[in-house]
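Residue numbers (our numbering): 961 to 1415.
Certain hints may be false.
Pairwise CB distance ranges, derived in the manner of DEER restraints [as the list claims (entries may be wrong)]:
1. Arg1017 to Ala1085: 47 to 53 Å
2. Asp1311 to His1172: 42 to 48 Å
3. Gly1045 to Asp963: 46 to 52 Å
4. Glu1225 to Arg1095: 41 to 47 Å
5. Arg1181 to Glu996: 28 to 34 Å
6. Pro980 to Arg1086: 45 to 51 Å
7. Thr1239 to Gly1271: 27 to 33 Å
8. Arg1017 to Ala1089: 32 to 38 Å
Just so you know, the hints here were simulated from the structure itself, not pulled from any lab data. The model shown is predicted, which means the values in this text are computed figures rather than measured ones. For glycine and all other residues, C-beta sits at the position ideal for the given N, C-alpha and C.
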Amino acid sequence: MEDFERSYCLLCPGPVNVRPEVACALTAYEFCHREEEFSALLSSLEEKLLAVAGVRRPELWAAVLVTGSGTAANEAVLSSVPAPGERVLVLANGEFGERLAAISRIHNPGTECLAQPWGQPLDLARVEAHLAAHRVGLVAMVHHETSTGMKNPVETVGRLAARHGARLFVDGVSSFSADPLDLDASGVTFLSSSAGKALGAYPGLSFVLAPHEAFRSLAGREPRSRYLDLRRHYEFARDRSQTPHTPAIPLFLALHRALELVLEEGVSERHRRLASLATQARRRIAELGLAVLVPPADASSVLTSVVLPGGVSFERLRTALRERGFVIYGGKGPLEGRIVQISTVGDVGPDRFDLFFDSLAGALAAASGKRSGNAAVAPDVGGDIEERGRPEERESQVRPGESRPVKRPRRVVPVAPGFQDVEREDQEGVEEDVRRDLSQEDRVEGEPLLRRARA
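Work the whole structure out from these sequences, hints included.
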C-alpha cells in the first residue's frame, strides 16, 4: 500500500469531500476539447454558474473558466483589469487579502493596501477616506477571509467604491454558493471563485464572473500574462465557446455535475443548510468550553476558527484526529499554533459532524498530554482505531465513482469530563495572548476579537 492510498473526512474548506455523483463525472465521458462536445459543456457551465450566482439579468453577464486554482483566477483579474498607471486599492484583514495585494503589486505599481490585523473587521472609515483622497480605479477585497473565518461587508464596500467611481473586484474563492452575495446590489464588477471549495467539486479549476461590458472594456489592452490573459479567455469563450489553452476536461465535467446538484437543492436552501451546519458546529464548540475567533455576526458559514486551549499542541491534535479519520486546518501567520479551523462545506452532514465532535473531545485530551478524567473515552476511541485499522494498515477502498467517506468512529462522550475544568485557566490565558498579538493601534474600538461560542 502506498502512503497516499487513504481517504479521510475533510473538515477543511478545500479540498473537500465530493459526492459520489461528482466523483463519477470525472471519468464519465471522453472527448476532445476542440470538438463540439466540449463547446456544449462550456456553454452549459457558464449558464449554471450564472444561475448559482443569482444575477438578475444573466444575459448581461459572462463566466470565464480558467484551468488553475482560485489564485489563478485572482491573478487573471489583477493582471488584466487595471489599466497601466491605474491605482488599485486592496482591503486586507487576513492572509488572502494580503495575497491579493502581493499579486497586484507584481502587475500594478500603483497598488496600495489598507490592512487590518487578522481577524478584525475592515475599517470602513479609512476606506472611504482613502477613496476620497485618491483616484482609485479598482478596489479588491475578499468576501470570506478563510484564514480567520470572517465574512467581509461586500455590499458596503461596493457602495463606497461606486460613490467614488471605482470598480469592485471580489475574491469569492471559498464563499461562492455558501454565503449569500447579491452581485447586482453590491455593485460587484468582477468575482472570482474556485470549483474545489464550497461548490463541492475538485481543485484546479476556477472562474471569473463579470458583465459583458466589463470584459469588453479590456479590448486592446496589452496583456501582462499569456496564460492568464482574461481578455483572451473571454474572447475565446464568447466567439468559439472554447478556452485558449488545453482545459482539464475531467475537472470541467465534475464541476458541471456539482453545479447541477447545487441547483437541484436550490441556492437559498443550500445557504440555509450550510448556515445550520455552522450553527451546529458552534454549539458543539461551546459544549467543549472553547472560544471562537470571530463573532457569530461576522462569521462565514464556510468554517469556524476555534482558539486552542492552553497546553494543546495543534500538531498533536492534528495527528490524533487523523488517526480517527478526520483532517482539519490549523492557523497561519500570527495564528499559527493558536487556532484550529473546522469547515462545513463539502459532502458533510449533521451525523458526520456529530461523530467528529465526539472524537474531538478525546483528541483534545490526547493533544494536551493530560488524561481527560474519563477512562472510558480514550479506550473507546482507540478501540475504534483498531477496529477499522490504522491508516497504514488500511487498504484504499475508493474507486472511481464510489463514495469517499471512510468508516467513522463510534459515538463517544461528547465532552471529556474534567477536561474543560482542568484547562479553563490555560484557555483564558491563550485568548488573552491572541488578543494582544493581533491588536494594533488602528483596531476598531468596541469590536472584541474573541467571543464565546455560546454568546
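Task: Assessment of proposed distance window 27 to 33 Å (beta carbons of threonine 1239, glycine 1271) - done: holds, 29 Å
TODO: Could you check the hint for me, namely that aspartate 1311 and histidine 1172 are 42 to 48 Å apart, CB to CB?
DONE: Because 44 Å falls inside the window, the suggested range holds.
Open item on the list: Against the range 28 to 34 Å, how does the distance between the Cβ atoms of arginine 1181 and glutamate 996 compare: consistent or not?
Closed with: holds, 30 Å
- [ ] Look at the Cβ atoms of arginine 1017 and alanine 1085 and judge whether their distance stays inside 47 to 53 Å.
- [x] For arginine 1017 and alanine 1085 the Cβ distance comes to about 34 Å; the hint is violated.
Task: Status of the given 45 to 51 Å range, CB of arginine 1086 versus CB of proline 980 - done: holds, 48 Å
Task: Distance restraint hint 41 to 47 Å, applied to the beta-carbon atoms of glutamate 1225 and arginine 1095 - done: At 44 Å between Cβs, range holds.
Task: Whether the CB-CB distance between arginine 1017 and alanine 1089 falls inside 32 to 38 Å - done: holds, 34 Å
Task: Outcome for the supplied range 46 to 52 Å, where the beta carbon pair is glycine 1045 and aspartate 963 - done: For glycine 1045 and aspartate 963 the Cβ distance comes to about 51 Å; the hint holds.
Of the numbered hints listed earlier, the single one contradicted by the structure is hint 1.
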